[in-house]
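Which chain is which? The protein sequence lines are A and B, in order.
First residue of the first sequence: 0, per numbering that gives the first Met the number 0; consecutive thereafter.
First residue of the second sequence: 0, per numbering that gives the first Met the number 0; consecutive thereafter.
Among these hints, one or two may not hold up.
To be verified - With a Cα cut of at most 25 angstroms, we get these calculated SDA-like pairs of lysine to any residue:
1) A:27 / B:367
2) B:157 / B:316
3) B:362 / A:437
4) B:152 / B:362
5) A:32 / B:120
6) A:189 / B:360
7) A:280 / B:392
8) B:223 / A:11
9) B:300 / B:290
10) B:249 / B:415
11) B:415 / B:193
12) B:300 / A:394
13) B:286 / A:27
14) A:391 / A:343
15) B:23 / A:37
16) A:52 / B:86
17) A:27 / B:157
18) B:152 / B:109
19) B:447 / B:400
Hints were generated in silico from the structure; no laboratory data involved.
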Amino acid sequence: MSYCPHTVDEQQSMLGTIGVASIADLFKPIPKKLRAKSFDLPAGMSEFEMLQKMTDLAASNAQGVIPFIGGGFYDHLIPTAVDHLSGRAEFYTAYTPYQPECSQGSLQALFEYQTAICRLTDMEASNASLYDGGTALAEAALMALRITGRNRLILDGSANPFYREVLKTYLANLEVEIIELSPLDGATNKPDCLAALDDTTAAVIVQNPTFFGGFTDLTDVAKAAHAKGALLITTVYPVSLGLLKSPGEMGADIVVGDGQSLGNPLSFGGPSFGFIATRKKYIRNLPGRIIGETVDREGRRGYVLTLQAREQHIKRHKATSNICSNQSLSALRGLIFLSLMGKQGLAELARLNYEKAEYAKAVLGSIREVTVLAGSPTFNEFTLSLPMRATKVVEKLLAKGIAAGVPLGLYYQDADNYLVVTVTEKRSRQEIDLLAKELESVLWS
Amino acid sequence: MELIYEKSVAGRKGVRLPASDVPKAKALPKKLLRSEAAGLPELSELDVVRHFTNLSRLNYSVDTNFYPLGSCTMKYNAKGLEAAANLFAPFHPMTALLPGGEKLTQGSLGLLFELGSLLAEITGMDEVTTQPLAGAHGEMTGMLLIAAYHRAKGNRKKYVIVPDSSHGTNPASAAMVGYEIVTIPTAPYGDMDLDAFKAALNDEVAAVMMTCPNTLGLFNPHIKEICDLAHGVDALVYYDGANLNAIMGKVRPGDVGFDVVHVNLHKTFGTPHGAGGPGSGPVGVKKGLIPFLPIPRIVRKLTGAYTVEHENPEGIGRTANFFGNFGVMAKAYAYILMMGKEGLIQVSEQAVLNANYIMSRLKDLYEVPYDQTCMHECVLSASRQLAHDVHAIDIAKFLIDQGFHPPTVYFPLIVKEAIMIEPTETESKATMDAFIDAMREAAELTEKDPDILKRAPVTTPISRLDETKAAREQNVCCQ
Numbered sequence: 000m001s002y003c004p005h006t007v008d009e010q011q012s013m014l015g016t017i018g019v020a021s022i023a024d025l026f027k028p029i030p031k032k033l034r035a036k037s038f039d040l041p042a043g044m045s046e047f048e049m050l051q052k053m054t055d056l057a058a059s060n061a062q063g064v065i066p067f068i069g070g071g072f073y074d075h076l077i078p079t080a081v082d083h084l085s086g087r088a089e090f091y092t093a094y095t096p097y098q099p100e101c102s103q104g105s106l107q108a109l110f111e112y113q114t115a116i117c118r119l120t121d122m123e124a125s126n127a128s129l130y131d132g133g134t135a136l137a138e139a140a141l142m143a144l145r146i147t148g149r150n151r152l153i154l155d156g157s158a159n160p161f162y163r164e165v166l167k168t169y170l171a172n173l174e175v176e177i178i179e180l181s182p183l184d185g186a187t188n189k190p191d192c193l194a195a196l197d198d199t200t201a202a203v204i205v206q207n208p209t210f211f212g213g214f215t216d217l218t219d220v221a222k223a224a225h226a227k228g229a230l231l232i233t234t235v236y237p238v239s240l241g242l243l244k245s246p247g248e249m250g251a252d253i254v255v256g257d258g259q260s261l262g263n264p265l266s267f268g269g270p271s272f273g274f275i276a277t278r279k280k281y282i283r284n285l286p287g288r289i290i291g292e293t294v295d296r297e298g299r300r301g302y303v304l305t306l307q308a309r310e311q312h313i314k315r316h317k318a319t320s321n322i323c324s325n326q327s328l329s330a331l332r333g334l335i336f337l338s339l340m341g342k343q344g345l346a347e348l349a350r351l352n353y354e355k356a357e358y359a360k361a362v363l364g365s366i367r368e369v370t371v372l373a374g375s376p377t378f379n380e381f382t383l384s385l386p387m388r389a390t391k392v393v394e395k396l397l398a399k400g401i402a403a404g405v406p407l408g409l410y411y412q413d414a415d416n417y418l419v420v421t422v423t424e425k426r427s428r429q430e431i432d433l434l435a436k437e438l439e440s441v442l443w444s
Numbered sequence: 000m001e002l003i004y005e006k007s008v009a010g011r012k013g014v015r016l017p018a019s020d021v022p023k024a025k026a027l028p029k030k031l032l033r034s035e036a037a038g039l040p041e042l043s044e045l046d047v048v049r050h051f052t053n054l055s056r057l058n059y060s061v062d063t064n065f066y067p068l069g070s071c072t073m074k075y076n077a078k079g080l081e082a083a084a085n086l087f088a089p090f091h092p093m094t095a096l097l098p099g100g101e102k103l104t105q106g107s108l109g110l111l112f113e114l115g116s117l118l119a120e121i122t123g124m125d126e127v128t129t130q131p132l133a134g135a136h137g138e139m140t141g142m143l144l145i146a147a148y149h150r151a152k153g154n155r156k157k158y159v160i161v162p163d164s165s166h167g168t169n170p171a172s173a174a175m176v177g178y179e180i181v182t183i184p185t186a187p188y189g190d191m192d193l194d195a196f197k198a199a200l201n202d203e204v205a206a207v208m209m210t211c212p213n214t215l216g217l218f219n220p221h222i223k224e225i226c227d228l229a230h231g232v233d234a235l236v237y238y239d240g241a242n243l244n245a246i247m248g249k250v251r252p253g254d255v256g257f258d259v260v261h262v263n264l265h266k267t268f269g270t271p272h273g274a275g276g277p278g279s280g281p282v283g284v285k286k287g288l289i290p291f292l293p294i295p296r297i298v299r300k301l302t303g304a305y306t307v308e309h310e311n312p313e314g315i316g317r318t319a320n321f322f323g324n325f326g327v328m329a330k331a332y333a334y335i336l337m338m339g340k341e342g343l344i345q346v347s348e349q350a351v352l353n354a355n356y357i358m359s360r361l362k363d364l365y366e367v368p369y370d371q372t373c374m375h376e377c378v379l380s381a382s383r384q385l386a387h388d389v390h391a392i393d394i395a396k397f398l399i400d401q402g403f404h405p406p407t408v409y410f411p412l413i414v415k416e417a418i419m420i421e422p423t424e425t426e427s428k429a430t431m432d433a434f435i436d437a438m439r440e441a442a443e444l445t446e447k448d449p450d451i452l453k454r455a456p457v458t459t460p461i462s463r464l465d466e467t468k469a470a471r472e473q474n475v476c477c478q
């Protein structure tokens with residue numbers, strides 16, 4: 000099955016028009032000695048058989064594991080309308096809107112997406128999406144290096160370890176010094192951060208809430224950074240912005256994050272989207288596509304890809320980034336999700352996350368010798384200190400169908416007994432109580 | 000159409016959330032809360048559904064219009080692929096990274112491993128990482144792998160060679176990794192100028208990035224010689240897989256001598272483009288580069304079980320959060336399962352047939368700058384039409400009025416007034432004939448009534464837009 004429609008007669012007629020006898024003649028420009036030495040693939044199958052095989056494959060994953068895990072991806076509810084609308088073929092089978100007259104649907108939606116990101120973060124300019132949270136953080140760092148012309152970055156160690164690894168991978172071959180601070184009680188390490196700041200620093204990079212779950216006001220960090228001519232980059236969890244002080248209010252210069260939590264399924268890690276927003280004065284340093292408003296010949300409002308002179312298809316090696324394909328459809332899902340939630344809905348959603356997590360904190364923290372790391376307030380994730388290695392606890396609870404959390408020892412030294420627990424609005428009180436009961440039984444029976 | 004924010008009505012709600020089943024918590028300190036709620040729209044579910052449904056209708060798409068966009072491989076996206084990917088929507092990637100989590104995620108891990116193996120066979124490489132999230136991301140991953148290879152060998156390398164016909168992502172990706180770019184001109188026969196290449200090649204060259212067939216739709220018969228010459232100075236050769244749709248089962252980059260390959264699952268392997276993404280750009284390497292592959296790496300044990308390697312001290316690190324755009328890979332895997340060996344060969348054969356058919360029916364009216372048998376796409380030029388002050392863009396806009404998405408115009412940059420046509424294998428002769436008729440009509444109107452072309456499009460909700468105003472005013476979000 001190859002979805003090729005030609006009949007034998009049509010093919011013959013086309014070959015005749017071209018003036019060759021066979022398909023093989025069309026491949027004559029490829030020298031014989033370069034022909035494939037092997038092409039050992041299975042025979043094709045029908046859609047029915049394919050779906051059967053895929054169903055079996057999906058069934059060989061454990062079903063119904065209760066996730067108290069995050070690590071950058073979160074189990075949030077997704078209104079049915081998100082699937083339905085993003086499943087409109089006019090959206091998902093379109094290409095990048097380079098021809099604006101026949102792409103106003105995508106262009107206007109992406110303009111609305113940029114607006115949603117700006118309003119959520121309280122920033123002034125957003126692009127039309129990047130790949131994911133980690134690569135968005137790396138792009139933000141590159142952007143800060145360009146803007147300041149400096150080459151020193153301060154990176155808080157309580158940022159997602161995957162994001163930090165992606166950042167370091169991106170910068171590995173460039174002349175950049177990265178000062179990585181050790182985390183402090185689950186919150187941003189402000190003292191070390193302020194001490195490390197100097198007038199060669201390009202940017203301070205902080206995750207808020209942190210990988211441990213701690214949330215803090217970064218206004219003082221922004222001020223201190225600006226006093227040294229450095230930028231503040233924050234990576235944020237977008238659902239938290241329904242409730243928590245926004246990075247724009249704190250004075251951040253570049254804000255990034257992963258948009259999975261906004262209407263994108265877990266889907267074993269992707270696709271999601273990365274977002275990036277900044278102050279208007281830095282717009283020419285943004286990576287990736289940007290949609291702008293303009294008018295047509297009759298003065299009617301319309302939308303186009305703009306400031307393309309930053310991009311690789313025009314500037315080649317001098318572009319602000321190599322990014323071409325982004326994650327438009329996932330960003331569209333994010334916009335639809337935010338539109339359905341609306342102003343009140345997102346606030347309620349965030350509050351629900353906060354309340355469920357506070358309940359879980361209380362219940363889990365009351366287990367003997369289990370304490371909640373209380374360095375700072377938290378949103379929907381928090382860190383527990385256990386009387387046993389967290390990896391051992393997690394493994395035992397996984398066997399019971401509960402993903403109890405992310406053991407910090409996997410990513411931090413001297414943290415073997417710490418466990419980061421995530422509680423979204425989808426976790427019921429019953430599930431939280433079950434986690435507490437099973438955790439207690441693993442620890443004490 | 001009104002913006003969604005302009006339709007907002009204060010106090011309206013679209014979604015009812017589950018009621019809280021936990022006690023009310025102590026409120027956070029006020030200084031940690033946002034001072035006012037984010038200005039999201041306030042609408043009913045129907046408002047939102049109608050808004051986006053009507054927006055979608057302003058788009059051309061593969062499902063509604065022929066989309067012969069050169070270099071983009073806008074083939075039909077089979078509906079079964081969506082169903083296949085949805086089966087994996089509930090699985091959390093972190094589960095696989097937890098102690099004891101691998102055995103709970105064998106289906107997902109197996110899919111990634113098997114897809115990697117199939118892509119390795121299709122491209123003739125030894126191992127594939129599925130982590131890169133798009134073609135350009137694959138290119139950057141490839142350049143990082145090449146840099147790691149040279150570092151491990153103690154090689155001092157500075158330059159990456161690209162032909163001037165390459166995609167912009169090639170030089171941009173190499174520059175992201177810190178390399179300086181050397182650009183080689185295209186010779187009159189349509190391939191990279193071999194003498195200029197030889198002159199540019201030296202011990203400080205880290206890599207040569209090639210697209211084959213190139214962006215002119217031509218297969219370079221000297222490609223093996225280029226690989227051999229590069230290897231002679233210990234430079235590695237990178238294969239930009241953007242045009243793999245032309246050669247499946249015919250040529251494998253690995254057999255020819257390429258060291259690193261990326262493939263665009265959203266081009267060759269039938270996954271939708273989503274109005275700009277998500278794509279997926281798995282990277283294949285030869286044995287010598289396996290030690291540098293990113294983590295997490297999925298390995299099949301002797302028992303047949305799949306396991307995740309979390310550490311690789313020699314490796315380049317991590318290029319994305321988890322395992323890549325899994326949903327896209329599930330679709331590509333489903334696509335390869337359905338196509339099978341014979342299907343994929345047929346895909347390339349029919350793609351090449353269709354491109355040559357269109358070229359042969361248009362070359363009497365349009366200039367073909369490199370007139371020879373093309374692969375999966377052909378590049379015409381509107382240089383003849385220029386005499387009547389008609390540009391490639393005017394022809395493109397006229398095609399919109401005829402119900403066709405325009406071909407890629409003004410790329411490759413080396414062709415004046417380029418019109419780059421890639422019909423793909425999934426289009427019927429009747430559709431292509433209608434497109435050819437429209438192209439021929441454009442050529443006739445160029446002489447008879449060029450104003451029609453200049454005014455186009457007139458059938459769309461808006462006419463041509465003032466791009467200068469957009470760039471000057473930088474209005475990128477609704478105030």
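Evaluation of the provided hints:
For the hint pairing residue 27 of chain A with residue 367 of chain B, the CA-to-CA distance comes to about 19 angstroms; that is within 25 angstroms, so the pair holds. Restraint check for residue 157 of chain B and residue 316 of chain B: satisfied, since their Cα atoms lie roughly 21 angstroms apart, inside the 25 angstroms limit. Taking the CA atoms of residue 362 of chain B and residue 437 of chain A, the gap is about 74 angstroms. The hint is violated against a cut of 25 angstroms. Straight-line distance between C-alpha atoms of residue 152 of chain B and residue 362 of chain B comes to about 50 angstroms, which puts the hinted pair past the 25 angstroms bound.
As the CA atoms of residue 32 of chain A and residue 120 of chain B are separated by approximately 18 angstroms, the hinted pair is consistent with the 25 angstroms bound. Annotation: proposed proximity of residue 189 of chain A to residue 360 of chain B is violated, straight-line Cα distance about 68 angstroms (limit 25 angstroms). Straight-line distance between C-alpha atoms of residue 280 of chain A and residue 392 of chain B comes to about 32 angstroms, which puts the hinted pair past the 25 angstroms bound. Restraint check for residue 223 of chain B and residue 11 of chain A: not satisfied, since their Cα atoms lie roughly 33 angstroms apart, outside the 25 angstroms limit.
At most 25 angstroms may separate the alpha-carbon atoms for a hinted pair to count; residue 300 of chain B and residue 290 of chain B meet this at roughly 18 angstroms. For the hint pairing residue 249 of chain B with residue 415 of chain B, the CA-to-CA distance comes to about 31 angstroms; that exceeds 25 angstroms, so the pair is violated. With a CA separation close to 22 angstroms, the supplied pair residue 415 of chain B and residue 193 of chain B stays within the 25 angstroms bound. Between residue 300 of chain B and residue 394 of chain A the CA atoms are separated by roughly 21 angstroms; this keeps the pair inside 25 angstroms, and the hint holds.
Distance restraint check for residue 286 of chain B and residue 27 of chain A: the Cα-Cα separation of roughly 31 angstroms exceeds the 25 angstroms cut-off, and the hinted pair is therefore not satisfied. Taken as a hint, the residue 391 of chain A and residue 343 of chain A pair is broken in the structure, with Cα atoms around 41 angstroms apart against an allowance of 25 angstroms. The suggested pairing of residue 23 of chain B with residue 37 of chain A is violated, with an alpha-carbon distance near 65 angstroms, which exceeds 25 angstroms. Distance restraint check for residue 52 of chain A and residue 86 of chain B: the Cα-Cα separation of roughly 11 angstroms lies within the 25 angstroms cut-off, and the hinted pair is therefore satisfied.
For the suggested pair residue 27 of chain A and residue 157 of chain B, the alpha carbons sit about 37 angstroms apart, so the restraint of at most 25 angstroms is broken. Restraint check: the Cα-Cα separation between residue 152 of chain B and residue 109 of chain B comes to about 33 angstroms, which exceeds 25 angstroms; the hinted pair is violated. At most 25 angstroms may separate the alpha-carbon atoms for a hinted pair to count; residue 447 of chain B and residue 400 of chain B meet this at roughly 18 angstroms.
In terms of the numbered hints stated before, the structure departs from hints 3, 4, 6, 7, 8, 10, 13, 14, 15, 17 and 18, listed from lowest to highest.
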